[in-house]
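First to last, the sequence lines map onto chains B and L.
Per the working numbering, the first sequence starts with residue 339, numbered consecutively.
Per the working numbering, the second sequence starts with residue 99, numbered consecutively.
These are computed hints drawn from the structure, not numbers from a lab.
Every residue, glycine too, gets a C-beta built ideally from N, C-alpha and C.
There is no bait here: all hints are sound.
Just so you have them, the derived chain B footprint on chain L, three or more residues with Cβ under 8 Å:
{"hint": "1", "region": "124 to 137"}
{"hint": "2", "region": "157 to 164"}
Distance windows between CB atoms, simulated:
{"hint": "3", "chain 1": "L", "residue 1": "Ser136", "chain 2": "B", "residue 2": "Gln471", "range": "34 to 42 Å"}
{"hint": "4", "chain 1": "B", "residue 1": "Asn564", "chain 2": "L", "residue 2": "Ser152", "range": "18 to 26 Å"}
{"hint": "5", "chain 1": "L", "residue 1": "Val178", "chain 2": "B", "residue 2": "Asp382", "range": "39 to 47 Å"}
{"hint": "6", "chain 1": "L", "residue 1": "Val178", "chain 2": "B", "residue 2": "Ala509", "range": "50 to 58 Å"}
{"hint": "7", "chain 1": "B", "residue 1": "Gly539", "chain 2": "L", "residue 2": "Val178", "range": "42 to 50 Å"}
No more than 25 Å apart at the CA atoms, straight line, and that leaves these computed lysine-lysine pairs for BS3-like:
{"hint": "8", "chain 1": "B", "residue 1": "Lys347", "chain 2": "L", "residue 2": "Lys175"}
{"hint": "9", "chain 1": "B", "residue 1": "Lys575", "chain 2": "L", "residue 2": "Lys128"}
{"hint": "10", "chain 1": "L", "residue 1": "Lys128", "chain 2": "B", "residue 2": "Lys568"}
{"hint": "11", "chain 1": "L", "residue 1": "Lys128", "chain 2": "B", "residue 2": "Lys481"}
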Amino acid sequence: MTIEPVMPKCWRADTKPHKFCPGCGHGLVLKALGEAIDELDIQDRVVFGCDIGCSLLAWDFFNLDTVQTHHGRTIPVITGLKRANPGLVGVAYMGDGGGYAIGAQHLVSSAARGEKITAILVNNTQYGMTGGQMAPTTLPGQKTETSPYGRDPETTGTPTQGPEMVATITADGAYVARGTVFNVRQLKTFLKKALENQMAGRGYSFVEALSLCPTNWRTNAEETWNMVNKVMPEYFKVGELKVPAGMGGQ
Amino acid sequence: MEFAGRTTDTEKGSFTIFPQLCKGCGLCIKRCPVDCMSWSDVLGVYGTPSVEISQKCTSCGTCQTVCPDSAITIVRKKKVMH
Numbered sequence: 339m340t341i342e343p344v345m346p347k348c349w350r351a352d353t354k355p356h357k358f359c360p361g362c363g364h365g366l367v368l369k370a371l372g373e374a375i376d377e378l379d380i381q382d383r384v385v386f387g388c389d390i391g392c393s394l395l396a397w398d399f400f401n402l403d404t405v406q407t408h409h410g411r412t413i414p415v416i417t418g419l420k421r422a423n424p425g426l427v428g429v430a431y432m433g434d435g436g437g438y439a440i441g442a443q444h445l446v447s448s449a450a451r452g453e454k455i456t457a458i459l460v461n462n463t464q465y466g467m468t469g470g471q472m473a474p475t476t477l478p479g480q481k482t483e484t485s486p487y488g489r490d491p492e493t494t495g496t497p498t499q500g501p502e503m504v505a506t507i508t509a510d511g512a513y514v515a516r517g518t519v520f521n522v523r524q525l526k527t528f529l530k531k532a533l534e535n536q537m538a539g540r541g542y543s544f545v546e547a548l549s550l551c552p553t554n555w556r557t558n559a560e561e562t563w564n565m566v567n568k569v570m571p572e573y574f575k576v577g578e579l580k581v582p583a584g585m586g587g588q
Numbered sequence: 099m100e101f102a103g104r105t106t107d108t109e110k111g112s113f114t115i116f117p118q119l120c121k122g123c124g125l126c127i128k129r130c131p132v133d134c135m136s137w138s139d140v141l142g143v144y145g146t147p148s149v150e151i152s153q154k155c156t157s158c159g160t161c162q163t164v165c166p167d168s169a170i171t172i173v174r175k176k177k178v179m180h
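Using the sequences and the hints given, assemble the complete structure.
Right, here's the structure in full:
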């Protein structure tokens, strides 16, 4: 018996190894998403939109219809596709730079309108692709390329808490959760519920995933896990923030 | 695409590493609950060490779950019912 790598059915094996750095959390988020899509058996009607930044390296990741846009515009593009063809399952995939900084207006507007899409935002506390600059999600005191003495909340504000904001501005029927790549099974459950909520037409679905960036954090494997398991959850609480009536909690 | 695996058999099952997929991040080594993983002399896709296991492996599958590159496959032996 030949032993094969275990990959979700909707992944493209011919583009692996994928383009993300060693130890990047995107691989884990996309594994959880791939497994959720497989379990729901919706590969033929998912449209996957990735944003600019590291997340665009997912453009050839799946055997799904995929579109790549810039600066948070993945949300309006997927919204347009979903409005034109409500039978689709639209997934807007972005990083914290695209979703909370330059593209924040799209996240806020689409959440307020209650678009029937699933937005997935990967939070690694900095801008990865451009070399690790300070992002809206950088933790107080965290050193980055542009905050070499640590982020000072006095001058740069406090980290953006996206799911808390989305949960506040969305109507009933929205599903909002924050998962972590430290717990891939839980993350998969959240992503699956976010897809199911969209398919049921209840409302907006938003999942933030706490992720890893050993390249720009300059951490070894132990420190990388410590960052996502201990340091980040002190500020970014993991769990479901808003669950529609009729859908069971975790 | 074919990936060539290196399989290690243990009492509870087998561990297969695909060096063509392993980028040498070491995340699996730190999550192993029985601390049975270590760096290998066999290099991965980026010329960095891949990983291997000792016979302490219990085939729990944690390394397979946390590998961002799906470079590890665990096969558990089926329990024989008497």
